[in-house]
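Produce the entire structure from the sequences given, and follow the hints as far as they go.
Each chain, written out:
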Amino acid sequence: MLTAHHLFKEVIASLRNVVAPAIADPYPKSQAYMAAVILEFVSRQVEERRDIDQEKQQTLNRLFHDLSAFLADKTPSSASETDYEARLCRLIEWLYNEKERLGPEAFATANQKVRAALRQLLDQELKIAGTTE
Amino acid sequence: MAESTQDKIVSYLYKKVPSAKNLSLSQFVQTAVGWSHEIYVFDAQWKENGQEKTQGFCLRKDPGSGLLRTLSDLKEQYRVLQALEPTPAPTPKVYWFEEDPSLLGGPFFIMEKVPGEATNPWSKVGKQYYAEAAKRGKLPRSFIEALASLHNLDWRAAGLDFIGVPGPGNDFALREVAKWESLIQRSLRKPEPVLTEVLMWLKANAPKTQRLAFVHGAYRTGNLMIKDDLISAIIDWELQVIGDPMYDVAYVLSDLNREGSPLLSCVVERDFFIDTYQQLTELTIDFDACRYYEILYMMRSTAFWLSASGLFAEGKSKDLRLARTTYSVPVVLNMAAKALGF
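Sequence order for the protein chains is A and B. Numbering of the first sequence is given in this note's numbering, commencing with residue 693 and proceeding in unit increments. Numbering of the second sequence is given in this note's numbering, commencing with residue 9 and proceeding in unit increments.
Just so you know, these hints were derived from the structure itself, not from any lab. A virtual CB, placed ideally from N, CA and C, is assigned to each residue, including glycine. Check before you lean on any hint, since a few could be wrong.
Said to hold, decoys possible - If you only want the chain A side, here are some residues facing chain B, beta carbon under 10 Å, derived:
hint	residue
1	Met693
2	His698
3	Glu702
4	Ser706
5	Val710
6	Ala714
7	Asp775
8	Leu780
9	Ile784
10	Glu785
11	Lys791
12	Asn803
13	Arg807
14	Ala808
15	Arg811
16	Ile820
And the structure:
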């Protein structure tokens, strides 16, 4: 997802350089310029949400802990990877690639645990995208 | 003063119609619907051998940095439309393809201006238009007939195999997944574990194709020109493939293309579509395959949105419509997750 500050910058630029100059009527033109000015102030007031990343991190920690207990020594050796979402991507690929070796039951259980975590990650992202049900 | 786009088109048309005199353009409109191409629609008037001539044209141009640039080739689109011209599929006639980017700033081709309109089904007015047309009854049947005309096509005889022919079994589905995964890999700016799960599921569950057909790849209202409640042309030829006809059927059956309307693609009743399509194509709709392709479409949409927001993030486009798609990624992944049961 693009950062809030990047988007503020681009929306302000669009209002100033694209929208406002194209408006002939003085009142809406002044409103477009003023919206750009106000958004510039607002962008200084806003901080990126950190709680979402923290929640996601906790979800991933729980999942890796849970899965390493469940799969014992069968999991791939990526525990040192610092990007936990990249680590989860690799774990998902590994599970599908090792499906036969793991057996259908173990695969299904591990996949269920992964999907439960994915649901929690999605719910965090949907706090911003705005369609959490 | 710099030469306008209209002036450049007039110069080009003089080259293509050397006997033309007093050539001018009117009703010149750049349509705002496309994200991946620039489209200009206009009428041209000229004198030729002492006679007044008027013809409507549509110019489709590669803007260079639009969406799907790596997956969509303007020359291929031109050749596909050329191949479709003698077939029963309703398509615009194409006239000239121009590879030289110096003329208009990118390759382009010129085709006929087809009568009718491709009303956007997402607007309130559009929904109402399609709902009323559905009640009148001609358009729903025409919608199915046009789709069947593609799926019944002898694509080898039409010379369409140049776009690539998948192997037997589940090769088509796997090729399609790989195609969109390549766009994801080019666009992805951070790991997306939900998308990884969707991709791995798609690879592990690819269905077999019952028969290979010529598939549009985005068959829905909005990509169809309509005149007097009949499909006058199927447009937006970017994603066509030789593949499983269920790929198009799934797109029609999908909720993705009706946004709350009870009608498929906002225009046709589900049962009527299923019965008429099966009758016209002698195919049996494979609902399991359609469910699979619907999830593939969700992955495809994700790839599309990642590509769009990626273009914006990299500064290759300043179009805020592309920036907005950054928020569409989790929404469509949520749809895929729900379809997969989580």
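Now the hints, each set against the structure:
1. The criterion of a C-beta within 10 Å of any C-beta in chain B is met by Met693 of chain A, whose closest approach is roughly 5 Å, and the hint holds.
2. Because the closest C-beta pair between His698 of chain A and chain B is about 7 Å apart, less than 10 Å, the hint holds.
3. For Glu702 of chain A, the suggested interface contact is upheld, since its CB lies about 6 Å from the closest CB of chain B, less than 10 Å.
4. The interface hint given for Ser706 of chain A is met, as the beta carbon of that residue sits about 5 Å from the closest beta carbon of chain B, less than 10 Å.
5. Look at Val710 of chain A: its Cβ gets to within about 8 Å of chain B, closer than 10 Å, so that hint holds up.
6. For Ala714 of chain A, the interface hint is violated, the least distance from its beta-carbon to any beta-carbon of chain B being 14 Å, above 10 Å.
7. Here the hint on Asp775 of chain A is kept, as its CB sits about 7 Å from the closest CB of chain B, short of 10 Å.
8. With a least beta-carbon distance of about 4 Å to chain B, the hint placing Leu780 of chain A at the interface is held under the 10 Å criterion.
9. The closest approach between the C-beta of Ile784 of chain A and any C-beta of chain B is roughly 5 Å, which is under the 10 Å cut-off, so the hint is satisfied.
10. Because the smallest distance between the Cβ of Glu785 of chain A and any Cβ of chain B comes to about 6 Å, under 10 Å, the interface hint for this residue holds.
11. Hint status for Lys791 of chain A: holds, given a least beta-carbon distance of 7 Å to chain B, under 10 Å.
12. Checking Asn803 of chain A against chain B by beta carbon gives a least distance of about 8 Å; that is within 10 Å, so the hint holds.
13. The interface hint given for Arg807 of chain A holds, since its Cβ lies 4 Å from the closest Cβ of chain B, which is under the 10 Å cut-off.
14. Nearest Cβ of chain B to the Cβ of Ala808 of chain A: about 7 Å, under the 10 Å cut. The hint holds.
15. Look at Arg811 of chain A: its Cβ gets to within about 5 Å of chain B, closer than 10 Å, so that hint holds up.
16. About 7 Å separates the beta-carbon of Ile820 of chain A from the nearest beta-carbon of chain B, less than 10 Å, and the hint is met.
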